[in-house]
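Note that full-length UniProt numbering gives residue 254 to position 254 of the sequence shown, counting from 1, and the numbers run on in steps of one.
Just so you know, the hints here were simulated from the structure itself, not pulled from any lab data.
Be aware that a few hints might be false.
Calculated cross-link-like contacts (lysine to any residue; reagent style SDA-like; alpha-carbon spacing at most 25 Å) [said to hold, decoys possible]: (1) Lys299 - Ser286; (2) Lys71 - Val296; (3) Lys222 - Glu239; (4) Lys74 - Asn110; (5) Lys18 - Leu6; (6) Lys82 - Asp139; (7) Lys84 - Ile172.
Derived Cβ-Cβ restraints for the label pairs, each shown as a range [said to hold, decoys possible]: (8) Gly43 - Lys237: 38 to 44 Å; (9) Ala81 - Leu302: 50 to 56 Å; (10) Asp233 - Thr4: 36 to 42 Å; (11) Glu177 - Gly33: 30 to 36 Å; (12) Val100 - Lys171: 27 to 33 Å; (13) Ile131 - Gly197: 34 to 40 Å.
Cβ atoms here follow ideal geometry from the backbone N, Cα and C, with glycine treated the same way.
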Amino acid sequence: MSATPLISVIMPAYNAEKYISQAIESVLQQTYGNWELIIVDDGSSDNTASIAKKFAAQDERVNYIYQENGKQAKARNQGIAKAKGTLVAFLDADDLWKPVKLETQLSFINHSGADLVFADVDVIDEHGNKIRDTWHVQDGQYKNDEGLLAFLKDNLAPVLTVMVKKTALEKIKGFNESVAVQYVEDYDLWLRMLQAGFVLAASSGKLATYRQTINPQVSRKKSIINVVEIVKDVDVKDESLKASRNNALIMWMRKCVQRCRPVIETKDIKKIIRLFPSGKDRKLFSLLSNVLPGNVLAKLLLLYTRKAVYQQ
Numbered sequence: 001m002s003a004t005p006l007i008s009v010i011m012p013a014y015n016a017e018k019y020i021s022q023a024i025e026s027v028l029q030q031t032y033g034n035w036e037l038i039i040v041d042d043g044s045s046d047n048t049a050s051i052a053k054k055f056a057a058q059d060e061r062v063n064y065i066y067q068e069n070g071k072q073a074k075a076r077n078q079g080i081a082k083a084k085g086t087l088v089a090f091l092d093a094d095d096l097w098k099p100v101k102l103e104t105q106l107s108f109i110n111h112s113g114a115d116l117v118f119a120d121v122d123v124i125d126e127h128g129n130k131i132r133d134t135w136h137v138q139d140g141q142y143k144n145d146e147g148l149l150a151f152l153k154d155n156l157a158p159v160l161t162v163m164v165k166k167t168a169l170e171k172i173k174g175f176n177e178s179v180a181v182q183y184v185e186d187y188d189l190w191l192r193m194l195q196a197g198f199v200l201a202a203s204s205g206k207l208a209t210y211r212q213t214i215n216p217q218v219s220r221k222k223s224i225i226n227v228v229e230i231v232k233d234v235d236v237k238d239e240s241l242k243a244s245r246n247n248a249l250i251m252w253m254r255k256c257v258q259r260c261r262p263v264i265e266t267k268d269i270k271k272i273i274r275l276f277p278s279g280k281d282r283k284l285f286s287l288l289s290n291v292l293p294g295n296v297l298a299k300l301l302l303l304y305t306r307k308a309v310y311q312q
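I would like the entire structure built from these sequences, with the hints used as guidance.
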């Protein structure tokens, strides 16, 4: 790899007029200068296009692409297809990078031997007030079954901090655009990379700021339900790994019910029940779901998942 490779920054944007200028400015302020920014407008109906085009007219490194609304995965894939760099980084239009983000991670990916690197973030609300000091990213390398198990338990990599080799993205065909993984298409990609034998590495320094702009409980519910589906679909052959995968699945089910109690509905619980790894328990809870109200089902699921240990 060249000492100063071109880094392609992919920025999906949908009705982002409120924040996109700040996001673009955080790219312009990078201490590493050999980058291209590809803004993919996902069918915005506000002033996103005019703001992005203004930046593109002022700096030839900034590029603007429009697509009919197809959601984030499609927008990111569109950006990857247009990318000229050997390395790819992602930044949503409402998030921010620290000025040393690209420089720091270029050095890290070169010295770690990893195919993908990520880092820690702080979290702010829509007004810029700090919500969390950290995402609790720890220094480490993730590969083979051990790395897959660590990621099955949690999405460890904030997408806005990721830098990845473009060849790796091409090999696994980019982001999954299916509705089944919507909101968590990044997590799906990390798991597929680990299954394909790629190496992921983390550094604990904070290199970005994540902006939480929507109702966290509603978005969390949608995300966790889709995570349960992703984890269930992880194909494992080894029996001990399969048991660990099923334990992770149960853990995610518990998280969904526990963290989303105020907004979870009976239909959500029924969807979770259909994903039980054990056919016997799936049948039992399916029968119960036809006669019990949602709040009672939720309590039963919490009791069950606290004790459940699967060995297959």
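For each hint, the structure was consulted:
Taking the CA atoms of Lys299 and Ser286, the gap is near 15 Å; set against the 25 Å cutoff, the hint holds. Taking the CA atoms of Lys71 and Val296, the gap is about 35 Å. The hint is violated against a cut of 25 Å. Taking the CA atoms of Lys222 and Glu239, the gap is about 30 Å. The hint is violated against a cut of 25 Å. Taken as a hint, the Lys74 and Asn110 pair is broken in the structure, with Cα atoms around 29 Å apart against an allowance of 25 Å.
Restraint check for Lys18 and Leu6: not satisfied, since their Cα atoms lie roughly 29 Å apart, outside the 25 Å limit. Straight-line distance between C-alpha atoms of Lys82 and Asp139 comes to about 32 Å, which puts the hinted pair past the 25 Å bound. Between Lys84 and Ile172 the CA atoms are separated by roughly 18 Å; this keeps the pair inside 25 Å, and the hint holds. Roughly 41 Å separates the CB atoms of Gly43 and Lys237, a value that falls within the hinted 38 to 44 Å.
Checking the proposed 50 to 56 Å range against Ala81 and Leu302 shows it is violated: the Cβ atoms sit about 44 Å from each other. Evaluation of the 36 to 42 Å hint for Asp233 and Thr4 yields a pass: the beta carbon distance comes to about 40 Å. Judged by the Cβ atoms, the range 30 to 36 Å given for Glu177 and Gly33 holds: they are separated by roughly 32 Å. The beta-carbon spacing between Val100 and Lys171, approximately 29 Å, falls within the hinted interval of 27 to 33 Å.
Taking 34 to 40 Å as the suggested C-beta distance range, the pair Ile131 and Gly197 conforms, at roughly 36 Å.
Of the numbered hints listed earlier, those contradicted by the structure are 2, 3, 4, 5, 6 and 9.
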